[in-house]
Structures are given as C-alpha cells and as structure tokens.
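Each protein sequence line maps, in turn, to chains C and R. Sequential numbering from 0 applies to the first sequence in numbering that gives the first Met the number 0. Sequential numbering from 0 applies to the second sequence in numbering that gives the first Met the number 0.
A hint or two may mislead.
[Stated by the list, open to error] Just a few of them, taken from the derived set where beta-carbon distance is under 8 Å, the chain C residues facing chain R:
hint: 1; residue: Tyr72
hint: 2; residue: Glu133
hint: 3; residue: Val180
hint: 4; residue: Ala251
hint: 5; residue: Gln273
hint: 6; residue: Arg277
hint: 7; residue: Ile279
hint: 8; residue: Gly282
hint: 9; residue: Leu283
These are computed hints drawn from the structure, not numbers from a lab. Note that the structure is a prediction, hence the values are computed from the model and not measured. Quick reminder that beta carbons are idealized off the backbone N, C-alpha and C, glycines included.
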Amino acid sequence: MRKSPLPSEITPQAIYLERRKILAQMGLGLAGALGAGAAPSALASTGQKLTGYQSTAYGHDEKLTTYDNITTYNNFYEFGTDKEDPASHAGSLKTRPWTLTFEGALKRPRQMGVDDLMRLFPLEERIYRMRCVEAWSMVIPWVGFPLQKLIQWAEPTAQAKYVEFVSLADPAQMPGLRRAVLDWPYTEGLRMDEAQHPLTLMAVGLYGEILPNQNGAPLRLVVPWKYGFKGIKSIVKIRFRDTMPVTSWMKANSAEYGFYSNVNPAVDHPRWSQATERRIGGGLFEARRKTLPFNGYAEEVASLYNGMDLKKYF
Amino acid sequence: MNLDKRGVFLLALLPLLWISWLAFHNTLGANPVERVIHFTGLWTLYFLLITLSITPLRRLLGWNALLRIRRMLGLFAFFYGTLHLLSYAGIDQWFTWQAIIHDIVKHPYILIGVSGYVLMLPLALTSNAWAVSKLKARWKQLHRLAYVVPALGVLHFAWLVKKDMNEPLLYGALLLVLLALRLPLFSQWRFSR
Numbered sequence: 000m001r002k003s004p005l006p007s008e009i010t011p012q013a014i015y016l017e018r019r020k021i022l023a024q025m026g027l028g029l030a031g032a033l034g035a036g037a038a039p040s041a042l043a044s045t046g047q048k049l050t051g052y053q054s055t056a057y058g059h060d061e062k063l064t065t066y067d068n069i070t071t072y073n074n075f076y077e078f079g080t081d082k083e084d085p086a087s088h089a090g091s092l093k094t095r096p097w098t099l100t101f102e103g104a105l106k107r108p109r110q111m112g113v114d115d116l117m118r119l120f121p122l123e124e125r126i127y128r129m130r131c132v133e134a135w136s137m138v139i140p141w142v143g144f145p146l147q148k149l150i151q152w153a154e155p156t157a158q159a160k161y162v163e164f165v166s167l168a169d170p171a172q173m174p175g176l177r178r179a180v181l182d183w184p185y186t187e188g189l190r191m192d193e194a195q196h197p198l199t200l201m202a203v204g205l206y207g208e209i210l211p212n213q214n215g216a217p218l219r220l221v222v223p224w225k226y227g228f229k230g231i232k233s234i235v236k237i238r239f240r241d242t243m244p245v246t247s248w249m250k251a252n253s254a255e256y257g258f259y260s261n262v263n264p265a266v267d268h269p270r271w272s273q274a275t276e277r278r279i280g281g282g283l284f285e286a287r288r289k290t291l292p293f294n295g296y297a298e299e300v301a302s303l304y305n306g307m308d309l310k311k312y313f
Numbered sequence: 000m001n002l003d004k005r006g007v008f009l010l011a012l013l014p015l016l017w018i019s020w021l022a023f024h025n026t027l028g029a030n031p032v033e034r035v036i037h038f039t040g041l042w043t044l045y046f047l048l049i050t051l052s053i054t055p056l057r058r059l060l061g062w063n064a065l066l067r068i069r070r071m072l073g074l075f076a077f078f079y080g081t082l083h084l085l086s087y088a089g090i091d092q093w094f095t096w097q098a099i100i101h102d103i104v105k106h107p108y109i110l111i112g113v114s115g116y117v118l119m120l121p122l123a124l125t126s127n128a129w130a131v132s133k134l135k136a137r138w139k140q141l142h143r144l145a146y147v148v149p150a151l152g153v154l155h156f157a158w159l160v161k162k163d164m165n166e167p168l169l170y171g172a173l174l175l176v177l178l179a180l181r182l183p184l185f186s187q188w189r190f191s192r
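Isolated chain R, as found in the complex (with noise of 0.2 Å):
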C-alpha cells in the first residue's frame, strides 16, 4: 500500500489549523491561554506516542511504507512542542525570564517538560540523512532519546493536574505498551502471515 507523504504532512497540521481558527474566531472558551497551551501540549504528546506506534505497527502489520513517515511524525512532535513552549513563555508568561526562570527552578512539572524539550533538540537536529550517516552507530544510540521524552511528557501532565489523574494515566499505560512491544519477548508478535 501506498502513503501519501504530503497527505500525512497535511493531515499533521490539522491541529495547528484547528486551535488557529479557534482563535481567529475568538472562540478558544473562557481561558484562551490555557487551552492554547494544554491543547499544543497534548498534541506534542499524541505525536510523540504516534511516533513511538510506527515500529511496533510496522511489524505486526507487516506494512513497511510506515517508515517512511516516522521522522516526520517525530518532527512535528518537536514542532507542537515549540509551539507549547512558546504559548507558556509568550503569551503565558510575556518572556519575563525572572518568572520563567524561577517556575523551572520551583516547580518540577516546568521542569520536567523544558527537559523533555530539551532532549528533544539534538534529536530535531539530526534527525537529516547527513546527521545519521556521519553518527552511524551512535545516531541510534541518541535516538533512543525518543523513549525518554514522551515518558517525561506524561510525567509533566501528572504534575500539573489537580486532582484527577484519569487522562495522564491513560498516556502512561499507552507509552508503556509502546514500550513493552519492544521487548524481546513481544518481538516475534505478528498479526499478517
């Protein structure tokens, strides 16, 4: 079967579409900074776990085009993760780096998501042929990274919510089956032939 690599990059913009028309129409509810923020979060988050999708799927459904979409489909992780970033230290905090500066220091939930962002940079960065044919060996190494971030991901959403943890959990037992599929013991599993 056949993938359509614009298809899929265009579908991946439909969230950034969708939060922009929400806002032109200034219909983003009651606390627009807030949903502008949780929104490019999650969306950060449903890339990364998709991303983490495409080996596991690739082998069970025996589908190998999957591969061609993977490193754009981590890509625009890190791209809804900028533009988290951004929505909290722009129209969240207004670049008052003093505040900024003390939330990381203070509060482990700002913490733990710049780290996520931050392992997510070298990965963004090499994430081109020439990156991976100068690092050979090592290139897989780094990307290994990309099991940590989504898991400090969900750990930053646990942090933050108030009292119920239902949907954060629910990211955290999809990461961890993500995960577990990767295991020795799970690595023969096919559902085609």
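Just chain C, same shape as in the assembly (with noise of 0.2 Å):
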C-alpha cells in the first residue's frame, strides 16, 4: 500500500515562492503581503476527545487541512446549499442516541446503536485526501473503523452485491430539507467490493475528537479514490442489495454524476474540468495541483476496475 504522496503533490518551497515573486512582480499587488498558510485559528474546537484509537500509518507525510477549514467548509446540504451553510446550521442536530438499521441481504435485519458500534471495532486514525467533484481538496485526519469489518459482523447473504446508504431526514433538525434541492434522504451506495476494500472507511471522529456535525456525525462514509459526495454523512440505514442503488446524486443527473464517481482526472464533469484541484489552505497565491487516478490511491484500489471502461462508468 503506498502511503507517502507522490512527489508531484508537493510543491518544492523554491518554485512556491518563486511563483509568488513572479505574481508580485506582475503587479497583483498583495502576494507579498499574504502568508499563504490559514489564519490563525479563530474556531476553538469544541469536540469531546476521542481516545484508544490506533494510530495509523496513512497519510503521515501529508500537510493536514486545519481543523477551522475542514470544519466550515461544508457540503451537507441538509444544512443548506452554502459552504457555510452545515457550520452555521448543523447545531440543531441531534446524534445520540443514534441508531444504525441493517436490512435486506443479510442472515437477520439488526439495529444497534452509534456508541455500541464504536466499542465493537477498534478505532484507528486514517489520514485521507478528500477531493470534491468541485475540484478542491483537503487532508483529513478521520478517526474511524474500516467498513469492511462492519460488514463482516452484520453478516450479508450471497444474494448481497450492492451496499446502499441511507442519511437521517428529519425537517425538524435539518432546515435544508424544506428545499427539494435533493431528492431525499440523501443516499449513497457501494459496490460490495468496493464497500469492502481496507481503504473505506466509516469515520466517527476527526483529529482525534468526535465527529463534529457539519462532518456528518456521529457516523459517516470515506471513501478515499472516490469523489467526496460518495462519502455520506449522518448515516440511520445500511442495506444489502442485490441491485445496484441509484444514489441520490445520480437522481439528480445522471448525466453528470455516476454511481461510481472514482476520481479521475481524464474524465471532465460535464461542465467544469477534473483534470486539476485546489488544496484548501493553500492561500490566494498557490496554484492548482494536478488531479492524480482514484486520487493518489490507484495502486491499492485500480484493480477493483480491471476491463472496465471508466469513461462510461464515472
């Protein structure tokens, strides 16, 4: 498993502040006065910590997105549309107790709750890249358990191919919901392999604390190699199937967003291209990095896609 960036990630410090004394010389004004790094932080983390996770050694040479950035820079629309929105509005949910619904494809249906989950795996922290289909990306430390192992203690049947996710609905918690801007719940799903694979995670905490609820508490899919929506937040139901489900994006338009959603800089969105991103953190004067296949995780997830043409799978 390859767990360092590539070297194409990084931008060497020369040619950083080289370009940023060519933009100065051009006479965009302020480069010189801007730090490219985040302000100070102004959010004092809330969270509860977590504690006895693993440490892991995914990601380790990554510069991680501040807690400030991945906590107000937000797609959760059942906040709202804005990336503000789920910051400003996402107090109002309520995660405990908590209660995750197993059904279909499986020896019996089962229901367990959010904190007996957590003391059922071992938790351990897993670093990720996270690139959005806008074309940003952040580094997350996300603390959590590997789905994989989830699946193997709810027991599918062989009939079981498809794994669907459901998200909480609930108008009284969630202003966004008064909008049909979804159709919802939102929902989401995995090939059982996919859902599988050591990499995908289900994430209860963030640098080290609970989860905070504009995340996705208190439990939430990550997905690495895929683009973020693929990773849904505030999970109640996971079920089994047989068929493959039609998330919600797909509802949406399906031109643009397919159920699988690797990431994948050789095939555009309909309407923007993929092919680069911008780190978040990076500052006003930090150029955009090159998009890598399945987001820098090719070497351990390429595989899954063997024959298949993913230019017409997206």
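Relying on the hints, combine the two individually framed chains into one complex.
Right, here's the structure in full:
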C-alpha cells in the first residue's frame, strides 16, 4: 500500500516562492503581504476527545488541512447549500441516541446504537486526501473503523452485491430539507467489493475528537478514491441489495454523476475540468495541483475496476 | 435632487476595498481563490443590473440626475468584470493558456463568460463623449449590447452552479423585469406626477 504522497503532489518550496515572486512582479499586488497559510484559528474546537484509537501510517507525509477549514467549508445540503451553512446550522442535529438499521440481504436484520458500534470495532486514525467533485481537496485525519469489519459483523448473504447507505432526513433537525434540492433522504451506494476494501472507512471522529455535526456526525462514510459526495453523512440505514442502488446525485443528474464517481482527471465533469484541483488552505497565490487517478490511491484500488471502461462507468 | 458623482464613485469602489481588506487580513475563508472569483463575478453582474435599472428608474421616479451616473456604473461593471477575468486567469489558472483555452473550448459556461466580457469591451471603449458624437445613431445601436451582456452573465452563473439554482434564477428574474420595463406596454408608467 502506498502511504506517502507522490512527489508531484508537493510543490517544492523554491518553486512556490518563485511563483509568488512572479505574481508580485506582475503587479497583482497583495502577493508579498499575504501568507499562504491559514489564519490563526478563530474557531476553538469544542469536540469531545476520542481515546484509545490506533495511529496508522496512512498519509503521514501530507500537510493536514486545518480543523477550521475542515469544519467550516462543507457540502451538507441537509443544512443548506452554501459551504458555510452546515457549520452555522448543524447545531440542531441531535446525534445521541442514534440507531443504525441494517436490512436487506442479511442473515437477519439488525439495529445497533452508534456508541455500541464504536465499542465493537477498534478505532484507528487514517489521514486521507479528500477530493470534492467541485475540484477542491483537503487532507483529513479521520478516526473510524474499516467498513469491512462492520460488514463482517452484519453477516450479509450471498445475494448482497451492493451496499446502499441512507442519511437521516428529519426536517425538524435539518433546515435544508425544506427545499427539494435533492431527493431526500440522501442516498449513496457502493459495490460490495468497494465497500469491503480496506481503505473504505466509517468515520466517527476528526482530529482525535468526536465528529462535528457539520462533518456528518455521528457516523459517515469515507471512500478516499471517490469524489467527496460519495462519503454520505449522518447514516441511519445500511441496506444490502442485489441490484445497484440509485443514489441521490444520480437522480439529480445522471449525466453528471455516475454510480462509481471515482476520482478521474481524464474524465471531466460535463461542465468543468477535473484535471486539476485546489488544495484548501493553500492561500490566494498557490497554484492548482494535478488531480491523480483514483485520488492517488490507484495502486490500492485500480484493480477493482479491471476491464471496465471508466469513461462509461464514471 | 443633486447627485454627487464622486460619492457614487467611492461607493462603487467599496466592494473592491472590502475584498482587499479581507485578503490583507487573510480572512477570505477556506477557499480564498474561489471567494475572490465569485465575489468579483457577482459584483460584475450587480453593476450590469444596476446600470440597466437607471433608465427605468429615471422614468418611474422622474429623477433625471440619475442619467449622469449611468456611464460610470457601466464602466464599473467592466472594471469588476476585468478583475473577475484576471482572478480566473491569474490566481486560479496561473495564466496557463493551454488550460484556459481548453476550458473555453470544452466548458460552455467559461465560453459564455468570456463572450460576455468580450462584448463589454466595445462598450467600454466607446463610452467617451468623442465616440458618442462620432458614432451618432450607431452608438445607440452598439450600446444595446448592454441588454445582452447581463443575460450572458446570468447564464454563465446558472451553468456553473452545481444544483441550487435560486441565486442565478433571482438575477435572471430581475433582468427580465428590467428588460420588460422597456417594452412599450410599460414605458408610460410613472410613480411621480
């Protein structure tokens, strides 16, 4: 497994400084006065500390996106469509008690509280790149457990070919549901082998703390080689099925959002380029970086798609 | 009522001052480049719509002094449009022409935006008194492009929005109202007298 970033991901300091100098000379002003780093934290983290999780080697060479940026720049349409909306409005989400329902192609249907699930599986920290379909990216230190373990525990039958995930859709807690921006509840899906891949994570924490509401508390999916919207938040139901689920974004626009939605610089979104991305926290004068196939996790996951035309199955 | 041109000029500079202030204090948010591009794009559209509202407002309110600021407002639309284009080509794309040309060719919303800007160029260039007297009747014809440019702006905006169309639809509706007020049906409307 490749655990360090490709050299191409890191802008060498010298080139970076040179670029800033060029910009300054071009008279775009400001360049010299502006640092590229994030502003000092204005937002104190209020999360509850998670204890007893294992550190892993994933992504340790990456520069982490700040807690502020990860928790104030979110797509979570249940709380509004602006990036700042989830941070402003997700306070109304009640994450305890929280029950997950498992149904479909299982030996028997199950229900389980999220705290019990967190006790059932050892937690680990995984630093993953997150590439949004809107062509920006972050590096996020998640805490969670592999979905693989949850699936083993749930005991799906041989009929289970796909996993469907469903988010909470409670208008009393989620003001964004008043508008039919998407077909609620938010629904996502994975093929069984994708769901069981060791990289696929159920996250319950961030930066060593309980997951903030705006990031999908209490439990969310993280599939680092796919566009961010596949990482469904605040999950209440997991359904094992023999047919491919139709996700919310596929319903919204099937020409733009496919079931797989693997990060792929060679396949543009019909309306914008996916060849490059902007790393959040890079500041006003940092260049875009090249987007990597499967978001840089090709070595681990490309074999899942052997023989598939990824232009067709986007 | 008197209208102080210098006052309007300073007011129109406030958006630029605001975004520069945020930039200097490093408080442009998580995605500063996107913020600057959206901000300058929105103000381009705002100034295009404000400029278009002058003629109907003058008639409805009977306030002729408004005409004196129309040209300046139109030029501010061009000014913010220039900043918008420069922030896209400069801080977003690093003037990598290959990527920009690819973007224009492959992504219609970029093409529409660039077209809107290109159509503003002759308007900005002929906004002086010399051009008005030189072009005579043709000047008026040429400046009807001021109806087309904001339509391209709204389309450019609508085309890039991922899902939530509320904002571009609002500006589209405003534009339709401003254009409708010019139809013969409404051209006799007055508020005063």
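Is the interface hint for C:Glu133 satisfied, with its Cβ closer than 8 Å to some Cβ of chain R? Holds. Min distance 7 Å.
Have a go at the C:Gly282 hint: is there a Cβ in chain R nearer than 8 Å to its own Cβ? It holds, given that the least Cβ distance between C:Gly282 and chain R is near 6 Å, below 8 Å.
Does the interface hint hold: is C:Gln273 within less than 8 Å of chain R, judged Cβ to Cβ? violated, 11 Å
Chain R contact restraint for C:Tyr72 - C-beta distance below 8 Å: holds, 3 Å
For the hint on C:Val180, just tell me whether its beta-carbon gets within less than 8 Å of chain R. Holds, about 6 Å.
Mind checking the CB of C:Ile279 against every CB in chain R and telling me if the closest is under 8 Å? Given a least distance of 5 Å, the restraint on C:Ile279 holds.
C:Ala251 as an interface hint toward chain R, with CB separation required under 8 Å: Holds - the Cβ of C:Ala251 comes within 8 Å of chain R, reaching about 6 Å at its closest.
Does C:Arg277 meet its interface restraint, that is, does its C-beta lie within less than 8 Å of any C-beta in chain R? The hint holds - C:Arg277 has a Cβ within 8 Å of chain R, the shortest such distance being about 6 Å.
Cut-off 8 Å, beta-carbon criterion: hint that C:Leu283 touches chain R: holds, 5 Å
When each numbered hint is compared with the structure, a violation occurs for hint 5 only.
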